[in-house]
Every structure is written in C-alpha cells, then in structure tokens.
Amino acid sequence: MSDVVTMDDLSNEEIMSILEDSARLVPVAKGEVHLPLLEGKVLANMFYENSTRTRMSFETAMKRLGGSVLNFSSIGTSVAKGETLFDTMQMVEGYADIAVIRHPRQGAAQYSADAIDIPILNAGDGAGNHPTQTMLDLFTIMEAHGTIEGLNVVLVGDLRYGRTVHSLSHALIRFGAELTLVSPEILMMPDEIVKDLRASGASISESTNLASAIPDADVIYMTRIQKERFPDEDEYAKVAGIYMLGAKDMDDAKDGMIVMHPLPRVSELHPSLDSTVNARYFQQAFNGVPTRMALLCRSLGVEIPKEVKK
Amino acid sequence: MSAMRRVTAICNGTVIDHIPAGHALQVIKMLRIDTNRSNPVSLVMNVPSDKMGRKDLLKIEDLELNQEELDRLALISPNASVAIIRNYGVAEKRVVELAEELVNVARCTFSNCITQNPREPLPHKLVLYSRDPIEVRCYYCGKRQDLDDIIDNLI
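Respectively, the protein sequence lines represent chains A and B.
The first sequence runs 1 to 310 under our numbering.
The second sequence runs 1001 to 1155 under our numbering.
In isolation and in its complexed conformation, chain A is listed as follows:
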C-alpha cells in the first residue's frame, strides 16, 4: 500500500529507509541540487483545516522535486455547498497523482484512501494521526543523535490532547527510546495510551516537574498548551505558563541534548533559547521538507538515487 494514514502503515525497516532517503534529499530540499524526480506529477493539497508548516513544506517538497501543486481550502468551494468528502475525493482523483489531506474529522484520511485509488498521505485528522509530523520528528532526533534506541526523550506540556505526542511516543517506543512524560495533572497522557505503551515493554516515567527532568534528557520535546481545549479562562490560566525553557535552563543539560517543538510556540520557549546549540525547532520545521519529499517519492513509486551529487 502506498497510503500513509497512520505510523502503523510503515514497518520499522521502511521508516529507517525513508529516514535514510530523507537525509540524502537534504541538499535538494535546500535548493542546492536540482533533482526533478517528480516532474509532471501533480499533488493535491487538501486542507480542510488551517495549517502553515505542513501545507507549505509539502508544497516546497513537491516543487523542489519538479512537481506541481493544487492547493485546496474548504472555504469558498463546493465543500461549503455541502459536498461529501467522498465526492470531493473523486474529483481529486481526476486532477492529481497524489493527495495530502488534513481534515477536522477523525478517520477522514482512511476514508479518502478507501474512496479513491491515488495515494493518500494523512496530514492530520481531528485528534487522530499525523504520521508525516512523526517522521520529521524521528528524522530530527536521528540527525542529532544518530540513533533512537536508549535515548531518554522528555515529552512536555499538553500530553492529553496533543496528537503529535501520541503518535510520536508510539514510534519512539518501537525504536527502543525511554520516555519521560512531564505535564500538569489535568493534561496527563491518557491512561489508555500509557497502558498500550507499557504493554509493548516501554520504560515510561511520569512527572509534573520539568526542571528535574532536564539533566537526564537527550531530547526535550516541548508542546504548546492549547487554549482552545479549555472550557474556561481560569483553568487555562492555572497551567498556561507552567513549563518554560530559556537559555539559562540549558546549563543543567547533557552535551548534545536537543530541544524540539512542533510549533507554533507561545511562551514555553523563551527567545533566548533560539541561539543555543540545543535549540532544534526551526531545523525541525525545515526537516519537514526532506522527509515529505521521501514520503511523496515512496508513495508515487519513484526511487531516490543512492547518491545525490551537488
């Protein structure tokens, strides 16, 4: 199958091979090498919800590989007139070779994959999966540490609602990382997920204290506490600024520790952190380009040369 709806669609070997492909594609992603592997191919970017990084990095990925992009937004189109997802996707199949979809409803990507024959890449379905984000996160960790096995990854912030941390933690466990979960009580990772992770033999510790987790961390993965998830302002205010990292906090960190964030950030990462060697979040956002290039090629059955020369 060439669809990628959840991380379960990819075996560990496939994930590693995609990450290796991504590494070779970095100069192409930067525009230093011209490699029109996807010339003549058309990508449909189907965004039923807002997105900045995901939509733009897919577009860049496709264009750097010589392909073209159709951008769709649900505002002002037939969707506003009540068209079903099924019907919209039939149309897309006629216009494009591959489609990326983000949709507010969970299951929309799998539904689209069943509705049409061209490959579908899931770019986020409700609170469900966001596998291409997980791929770029894994790539960023591999780039810094060369491995995932045995790393202590500290996930911080909203672990209850954040879809990013759910699929990332499953993937990290598959490659033998140890997890430290840091969140306020009301935003702890759902029991169901922690149980699943432990059942697969994972080593997981939970805490509410970020400072004490810094010295042992190889990766600190910060997330935004999402205001829109709270029923009232007071509840939000209680936890809003609870975890913050700045340059000063890096004094306690191990050599080589990296700080990641799916972005956008609010106050959890102080700008003073940006110039430290630990900050990796802007690099992480860039890494969306080579990883999505590799995923587009895989789904379209296009092989990436073993050597990409400048």
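The hints are simulated quantities; they were obtained by calculation from the structure and are not laboratory data.
For clarity, every value in this text was computed on a predicted model and none was experimentally measured.
Warning: the hint list may mix true and false statements.
[Stated by the list, open to error] Cross-link-like lysine-lysine pairs, in silico, DSS-like; alpha carbons within 27 Å at most:
id, chain 1, residue 1, chain 2, residue 2
1, A, 30, A, 63
2, B, 1143, A, 227
3, B, 1051, B, 1029
4, A, 238, A, 227
5, B, 1143, B, 1059
6, A, 30, A, 310
7, A, 195, B, 1143
8, A, 195, B, 1125
9, B, 1125, B, 1143
Assemble chain B onto chain A, guided by the hints.
Chain B in isolation, oriented as in the chain A frame:
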C-alpha cells in the same frame, strides 16, 4: 430450569441459550427481530444456570438465523449456544463467532468520526482488535467502541 419447562418446546426455529443474564432484549434488537416480524418469540430472563449462575434464553419460532446474523450476537454474547430446531428436534448446532470485520452492522459511536455524516456513502466498518476481552474499533477513526453503545448504533 430442569424439572419444569418455563417455555414450551418449539416445533421449528432457533433457540439461543446461555445469553448473559439481562441481555436478551439487546440480543433481540441486535438480531433485528423486534420490528416488522410476526414470528412468535419467547424470552426467558434471569433463570438459574449451572454454568453462568443466571442466564437469559430466547426461542424464536419459524426462523432459522443464518451465520452472519448469529455472528453479530458475539458482540454481546460470545458464549451463546445456538440450536436450529426442526420438527421439535435439534437439527443443527451453531457456534457464534465474531467476525474480523463488521461491515454495516453498527455505526461508529465517536461523535467526530468521518462516518457521522449520513451522506457519506462508504460502508460503516468496525474491526475486531482483540477477542478476549472483546475490543472493537472503528476502521476509519480507530476509536475503541463501547459495546453497550453499539446496540444503540445498529444500522
């Protein structure tokens, strides 16, 4: 029940025994024998059982349930025993087995699932994630389904 029969023997039809106590009405609903039918149905609830302590029992006259219909039963009554009766005798014994995939049996119960739009034409699909204990998830959104809710979401 042994010595005294609570319900008379049926000539032709289906007997479903060893339904968990109190679940017979759900079984009737699941098998869709509660509407548009005129078959006599006898329902016995909460009778003593050696195996289960208490159990429910159903006798449906003049209707032989097929395997697909019976497999739906497995969602709430995986250990039910089913006998097809012909001319007052047990003609066949059937085993209830939960299929790997339930297509258009029930809707996903999750309010934000893509299948909640009634105009979306693809079939509703639930997949079996674990047999013991029974765990069923929506094929599309992956949400774990509460078995009690499934009864209210039958198609």
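Honestly, which of those hints from before does the structure not fit? 5
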